[in-house]
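The chain contents come next:
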Amino acid sequence: MQSDLTRRGFLGTGAAALGAAGLGLTPRHAAAQTAAALHLSWLHSAQFAGSYIAQERGFWRDAGLDVSLLPGGPNAPVEPPVVSGTALVGISAADYTAAAVEQGAPFRILGVAMQKNPFVIASLLKNPVNAPADLEGKRIGMALANTPVLQALCTLNDVDIDAITIVPTQYSAQPLLAGEVDCLLCWETDLPVAMTMQGVESLTMLLADHGYSVHSQTYIATEDSLANRRADLVALLRGEVQGWDIYRQDTDAAAELTLRMHPDAGLDLETQKLQAARQVPLMFSDLTEAEGFGWWTDEAVEANIETLALLGRTVTPDLWDRSVLEEVHGG
Amino acid sequence: MTDAASPAPRRGRAHGAWIGVAVIIALWELAGRGLTEAFVLAAPSEVLAYLAEDWRLMARALGVTLANAAAGFVIGNLAAVALAGIALLWPRSQRIVTGLALLVFCLPLVATGPILRVFFGPGPGPQITLAALAVYYTTLIPLLVGLRAAPDSWFDLVRSYGRGRIAALVHVRLMAALPYLFAGLQIAAPAAFLGAMVGEFTGAERGMGVLTVRAIRALDVEMTWGLATVATAVAILAYLAIGALARRVLLDAPPVILAAPAAANRGRGWVDALVVLALAIGLWGWTIWAFGLNPFFAKGPGDVWAALVTAPDAAATRGVIGAALAETAVFLLPGYLAGLAAGAGLAILLVLVPALAGTAMPLAIALRSVPIVTTAPLVVLILGRGAAGTIVLVAVMVFFPTFVACLHGLRQAPGQVMDVLDSYAAGPLARLVRVRIPAMLPSFFAAARMAVPASVLAVTVVEWLATGAGIGSLMALSASLSDYDILWSSVVLVAALSALGYALVGAVERRVLARYAPEQLA
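From first to last, the protein sequence lines stand for chains A and B.
For the first sequence, the numbering used here gives the first residue as 1, with consecutive numbering after it.
For the second sequence, the numbering used here gives the first residue as 1, with consecutive numbering after it.
Calculated directly from the structure, the hints in this document are not laboratory data.
Fair warning: there could be bad hints in the mix.
[Claimed, not checked] Label pairs and their in silico Cβ distance ranges:
1) A:Thr-314 to B:Ala-341: 47 to 57 Å
2) A:Gly-199 to B:Arg-56: 53 to 63 Å
3) A:Gly-64 to B:Arg-56: 32 to 42 Å
4) A:Pro-263 to B:Ala-82: 35 to 45 Å
[Stated by the list, open to error] Calculated Cβ distances over 12 Å to all of chain B for the following chain A residues:
5) Glu-102
6) Asn-130
7) Asp-134
8) Gln-151
9) Ala-163
10) Asp-190
11) Ala-231
12) Arg-248
13) Ala-309
For every residue, glycine included, the Cβ atom is placed at its ideal position computed from N, Cα and C.
Could you put the whole structure together from the sequences, leaning on the hints where they help?
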């Protein structure tokens with residue numbers, strides 16, 4: 001039965017295509033759709049709402065690209081699927097990309113969604129961390145894996161890291177609320193949002209405001225794709241740019257779309273709205289206003305290289321490749 | 001079984017079960033209300049309220065994860081039966097089959113998850129595979145024990161009819177293996193569910209694992225414990241269903257096994273180990289070559305050798321991994337031993353005081369079935385971020401399979417031997433020491449061996465998700481930083497050390513069983 005259906009379906013499609021071709025009526029979308037996957041860096045959420053807008057409004061379909069959005073997760077590094085070609089483009093961050101390049105992955109950064117790194121030190125109002133110097137004498141909850149991040153922040157701001165007690169914790173606001181730690185190293189857009197939704201006001205100090213320059217939510221692809229699938233890359237990033245431009249106009253609508261497209265992700269609308277609004281200052285600036293979404297300056301690359309050096313990563317400016325974005329914004 | 005022989009205590013035990021469940025829920029409610037400010041535990045009333053409101057979302061997620069777990073359960077157990085068949089038809093291969101099976105089972109899922117994802121692409125492939133990997137070994141080992149748990153006289157009988165090994169397999173070995181198979185399946189059910197959930201961490205659209213990650217990050221304690229409750233309920237139901245099936249199928253009392261002491265014939269151990277090693281390395285290299293896995297993340301035996309031995313920074317690599325392993329060992333060994341002691345101890349206690357079963361059984365199943373992802377923060381809160389929390393979590397993971405296996409082993413005490421003790425008016429303690437514990441030993445050691453990889457799995461998951469220390473954390477970190485040389489080297493060392501631990505337990509086992517259950521050593 002299965003094979004019969006398939007065969008009949010195949011014959012039917014074939015006949016229809018033949019007839020359409022004979023009449024000179026090739027369907028606009030059905031023909032020549034190139035498959036391409038965009039690997040997200042985390043589970044579905046408003047963090048990627050610009051991509052959902054691009055998909056829902058058919059920006060990619062109209063360009064002949066059939067884009068599937070692959071979700072990430074706690075045990076889903078983005079780099080292997082991009083290297084192996086499962087995904088054309090991955091969403092990574094400059095530090096992870098630099099590490100992968102050091103290990104021989106042929107990556108280039110094609111666009112920067114988060115101009116400002118989303119890492120913050122989150123604390124409670126009664127015991128605030130407003131500036132890096134406030135960290136001395138405090139207990140900070142974080143993954144030990146992120147120690148280089150804290151080290152870099154301390155170096156950039158002349159803070160003695162030995163005066164800070166690092167408590168290895170799971171990635172959750174719970175240790176802060178339970179009083180096990182005084183502050184957390186986390187993202188601006190997740191744990192502080194969770195605390196707000198639980199009715200706990202918190203304070204966040206953005207690391208990017210204190211010299212920590214690491215591009216985040218960067219679009220990466222391999223050199224091979226840049227050479228051989230440039231048109232697909234341009235189409236994919238153009239859809240992203242269009243999607244995020246619409247996202248910016250109405251983040252609430254973007255959050256609603258996120259829930260509509262991913263009803264099984266267990267998302268809460270109010271949380272998503274707050275998250276969607278909070279990531280706007282990280283993604284949009286006077287620079288993107290002038291040059292377009294995803295843009296970066298040579299100065300920003302220099303600053304990134306300096307911070308990455310503090311994280312123990314040696315990179316050169318040609319890790320960033322603006323050629324695809326130039327085509328997107330130029331054409 | 002004793003249950004069937006004495007209906008009266010059985011009814012009492014059923015009441016006991018309800019009382020036990022009620023006590024547990026009452027304590028849970030109190031704890032949940034007491035810990036509201038800590039955001040770690042929701043009371044049952046809050047969980048019910050949440051489930052009543054969001055049951056559609058939960059039902060969809062459960063459907064997805066359950067389907068993957070069931071597929072993995074079937075595939076994994078079929079694989080176990082096939083492997084046991086090979087080992088039985090070609091006895092010389094048994095230690096090689098179990099050795100390879102062990103090495104595969106020891107591969108830490110922190111490392112295998114992302115590789116499976118690249119291998120399968122989008123879809124349920126990694127979830128099903130991890131569920132299958134979580135169960136096949138815990139079925140294989142009891143099955144191999146069971147296939148030999150028959151008296152020599154039965155085999156003599158088959159031979160006296162002029163029949164061969166196939167007849168012996170069908171009429172004697174399979175029948176003897178059934179109780180052991182069911183015990184294995186009971187242990188496998190919660191493991192398959194956990195495997196499917198952790199598989200979703202490799203990038204899935206939907207499922208209970210996806211929701212758990214979401215709920216924990218969002219501080220949504222009601223949802224977190226709602227998920228844990230549903231997962232636990234499913235695991236308990238599967239456990240009970242398999243148990244009920246076993247009671248319908250297994251009507252015969254366990255036989256008396258009188259076997260001659262095994263001849264000392266252990267000289268081939270090193271040869272077998274070398275064969276396993278050669279096969280494992282060959283398979284490893286072949287897989288990477290045959291599937292064209294990218295050398296950026298797929299490191300072969302040569303790469304790992306270089307990273308650990310010949311590379312200029314090999315000493316530094318060894319130092320990093322060695323320090324992480326040492327950190328892990330501090331949690332692992334006490335947790336392993338405590339889990340074994342608790343499992344065997346509770347099983348013995350239940351046989352001595354059957355009235356306790358009503359309370360202890362549901363608690364024991366629940367403890368094992370609550371996903372470790374959910375319990376880790378609670379245990380860490382109660383016991384602190386030091387060693388105690390991790391040790392307890394490892395012990396919990398070891399405890400349940402040991403408990404089930406020991407309980408089953410204690411019940412394998414042959415009725416005739418018990419009758420002899422009855423006729424001498426021996427007390428429960430004498431029966432325990434002289435009959436039940438010796439009858440339990442094969443199962444206990446099988447469990448102790450299985451618990452080696454299970455405890456490694458537990459400790460690496462806890463380190464990865466909760467404490468951020470040791471080898472589990474190092475593997476997660478090296479995966480996120482694309483340091484696949486360190487990752488694969490860690491995987492190799494963890495698997496090798498697990499296998500070594502397993503061999504050590506096996507050595508102790510042979511000494512003990514040579515006296516108490518020589519048929520297992522034939």
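Results for each hint:
At about 51 Å, the beta-carbon gap between A:Thr-314 and B:Ala-341 stays in the expected band of 47 to 57 Å. The beta-carbon spacing between A:Gly-199 and B:Arg-56, approximately 26 Å, falls outside the hinted interval of 53 to 63 Å. At roughly 37 Å, the beta carbons of A:Gly-64 and B:Arg-56 sit within the given window of 32 to 42 Å. Checked against the given bound of 35 to 45 Å, the beta carbons of A:Pro-263 and B:Ala-82, roughly 40 Å apart, stay inside it.
Distance check on A:Glu-102: its Cβ comes as close as 8 Å (rounded) to a Cβ of chain B, failing to clear the 12 Å threshold; non-interface status is violated. For A:Asn-130, the shortest C-beta to C-beta distance to chain B comes to about 23 Å, beyond the 12 Å cut-off, and the non-interface label holds. The claim that A:Asp-134 is not at the interface with chain B holds, since no C-beta of that chain comes within 12 Å of its own (minimum 23 Å). Under the 12 Å C-beta cut-off, the non-interface status given to A:Gln-151 relative to chain B holds; the minimum distance is some 15 Å.
With a cut of 12 Å on Cβ distances, A:Ala-163 stays outside the contact zone with chain B, its closest approach being about 20 Å. With a least CB separation of 6 Å from chain B, A:Asp-190 falls inside the 12 Å interface cut-off, contrary to its annotation. Non-interface call for A:Ala-231 relative to chain B: holds, since the shortest CB-CB distance, roughly 23 Å, exceeds 12 Å. Taking the minimum C-beta to C-beta distance to chain B, about 24 Å, the non-interface status of A:Arg-248 holds against the 12 Å cut.
Once the 12 Å rule is applied to beta carbons, A:Ala-309 is consistent with being away from chain B; the minimum gap is 16 Å.
In summary, the numbered hints that this structure violates are 2, 5, 10.
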